[in-house]
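Novice: Listed here are the chains, written in short residue letters.
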Amino acid sequence: MMAGFQDILSHLSAGGGILWPLALVCLLMWAGIFERLFFFRRLLVKDLPPDTAVGMALDSSRTLPCGEGLSLRLIQDFRSRRSGICMLDRSILRECGLRIRRDLNRGIPQIQVLAAVSPLFGLLGTVKGMIVTFDVMAFAGTGDARGMAAGISEALVTTQCGLMVAIPGIIMAMYLTRQARRATYRLDRLYAMLERQLR
Amino acid sequence: MPPKALKEKGGSALLYPEKGSGSFFGRSVLVYVTATGLALLVTLGIFAMVPWMIGPPPDASDLERMVSVQLRDLRPPEPEPEPEPPKPPEEKPPEPDVPMEQIMQRPLPEVPQMEPIPFTPDLRLSAVPGPAIAPPPPAGPMTFEAGEVDVAPRTMVQTPPIYPFRARRMGIEGWVRVRFLVGTDGVPRNIHVLEADPEGVFEDAVIQAISNWRFEAAVMEGRRVAAWVVTPIRFQLGGN
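First to last, the sequence lines map onto chains A and B.
Numbering that gives the first Met the number 0 puts the first sequence at residues 0 to 198.
Numbering that gives the first Met the number 0 puts the second sequence at residues 0 to 239.
Honestly, the hints are just simulated from the structure, not real lab data.
Given the structure is predicted, the values throughout are model-derived calculations rather than measurements.
Think of the CB as a built atom: it goes at the ideal place given N, C-alpha and C, for glycine as much as any other residue.
Please note that the accuracy of each hint is not assured.
No more than 20 Å apart at the CA atoms, straight line, and that leaves these computed lysine to any residue pairs for SDA-like [claimed, not checked]: (1) A:K45 x B:D203; (2) A:K127 x A:W19; (3) A:K45 x B:V49; (4) A:K127 x A:G150; (5) A:K127 x B:V30; (6) A:K127 x A:Q109; (7) A:K45 x A:R181; (8) A:K127 x A:S152; (9) A:K45 x A:F138.
Quick list of the computed label-pair ranges, beta carbon to beta carbon [to be verified]: (10) B:A47 x A:T51: 45 to 55 Å; (11) B:M169 x A:L23: 30 to 40 Å; (12) A:M136 x B:V28: 44 to 54 Å.
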C-alpha cells in the first residue's frame, strides 16, 4: 500500500509540476460527481408514485412520510405554504417547482468544465515536456538519448493523465445530465398533475 | 413530535425559505464530506493506474542481467565469446550503458577539465609520465594546448563508449584519461591514453569511441586551429 502510494508520488513528480493541479481538478470533479450522484439517488430512487403524491399534496390531513424524494420535496414545500385560494396556490406551486428545478442542475456545468479542462492540462504538460526535451538537445546534442527521454516521458505522462481524468469525467457528466433531465421531466409531470387538480 | 410541530409552524409563516434549505443543508455537509472522501479514492485510483499502464521502468540492472544470461548461453563454444570485447560496434546494446551522470557532465566540465598546460614546449610534454604517450607529434605549425586557444573545441557528435562486456560482467568500474588532437576539420587524431584506473580494461573502448567523435575545431585569433584536448571518461555500472 505504502509502496504503491510512493509509486504514485514519484510519477506525479515525474510529470513535472503539471500533475498536481491536474490531481486537484480530478479531486474537485469527482467530489462534485459524487455529490450529484447521492443527490439524484435520494431524489429519484426513493420517490413516491405520482398518484400517491398528488393525493398527499391535496389532502392536508394526511401526514407526510419521512424521506427526501422528488415528489415529497415538492409536496412538503407546497403544503407548508399553501394558502387555500386557488389562483394563489397555483403561483405558489409554480414557485416551488422552480426552486427545485434550480437545484436539479446545480453543479453539473462545473463538472463539465472540469472534465473539459483536464486534457488541456495534459496538453500543457506535453508542451512543457517537449520544451525540456529541446533544452536537453540544445545542451547535450542529440546523442543524449536518456536526457531526451526524460522530457518526452514527462510529455507523455501528463497527456495520459489528462485523458485518464477526462474520459470518466465526461461520461459521468453525461450521465448526470441525463439524470437531471429525467428528474426535470418527473417534476414537470407532477406539477402538471397537481395544477390540474387544484381548485 | 414537538420539533416537527415547530417546523410546521415555522413553515407556515411567510418566511419559509429556512425550512427546506435548512434541514437540507444540515445533511449536505455530511454528503460533501463523503463525496470528497470518495473522490479522493477515485483520484488515487486513477493516478495509480498511470504507473500500472506504463509498466516498470526498464532498469539498468535488468539489462545487465539479460546480458549475463546471454553470455552464459554463449559460453559452451569456448573460443567464440572470448574475442567479444574487441568487436563491440557490432552488437549495440539497446541502451547506452554509460550512466546518466557521465553523459550529463561531459559537455559542461569539458572546458575546465582540459588541462591548461602552459606552453613550455617539449619540456612539459615529455615530463608527463607514462609510456603510453606518443611523442608530441609535429602536427604542422598550428598546434595548441586547449588552454591557449580562444574557443576550445566543442563536441558535435559524441557517442558514448561501449562498456566492455567482461568488465561489466565482473562489475569493474573505472576511468580513462585520454589526450587527443582535434584537427581543423574536427576529427580527433593521435588518441592516446594518459592514465587508466584499472589498466588494460577500458582503453580500447575509449579509443574506439573517441575516433568516432566529431568536434567543432578550436578557434584562435579568428582561425581554426588544431588543439590538444585532455578529458577523463568514466565508466560506471547501472543504477540511476
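Novice: Each hint should be assessed against the structure and marked as holding or not.
Specialist: Comparing the hints with the structure gives:
The suggested pairing of K45 (chain A) with D203 (chain B) is violated, with an alpha-carbon distance near 81 Å, which exceeds 20 Å. Only pairs whose Cα atoms come within 20 Å are accepted, and K127 (chain A) paired with W19 (chain A) is accepted, the gap being roughly 14 Å. For the proposed pair K45 (chain A) and V49 (chain B), the alpha carbon gap of about 38 Å is over 20 Å, so the pair is violated. Restraint check: the Cα-Cα separation between K127 (chain A) and G150 (chain A) comes to about 8 Å, which is no more than 20 Å; the hinted pair holds.
Between K127 (chain A) and V30 (chain B) the CA atoms are separated by roughly 38 Å; this puts the pair beyond 20 Å, and the hint is violated. With a CA separation close to 27 Å, the supplied pair K127 (chain A) and Q109 (chain A) exceeds the 20 Å bound. Annotation: proposed proximity of K45 (chain A) to R181 (chain A) holds, straight-line Cα distance about 14 Å (limit 20 Å). Of the supplied pair hints, the one linking K127 (chain A) and S152 (chain A) holds, its CA atoms being roughly 11 Å apart against a limit of 20 Å.
Between the alpha carbons of K45 (chain A) and F138 (chain A) the distance comes to roughly 65 Å, so the proposed pair goes past 20 Å and is violated. In this structure the hint that A47 (chain B) and T51 (chain A) lie 45 to 55 Å apart at CB holds, the actual value being about 46 Å. Take M169 (chain B) and L23 (chain A): their Cβ atoms lie about 50 Å apart, and the range 30 to 40 Å is violated. Taken as a hint, the range 44 to 54 Å holds for the pair M136 (chain A) and V28 (chain B), whose Cβ atoms sit roughly 53 Å apart.
Of the numbered hints listed earlier, those contradicted by the structure are 1, 3, 5, 6, 9, 11.
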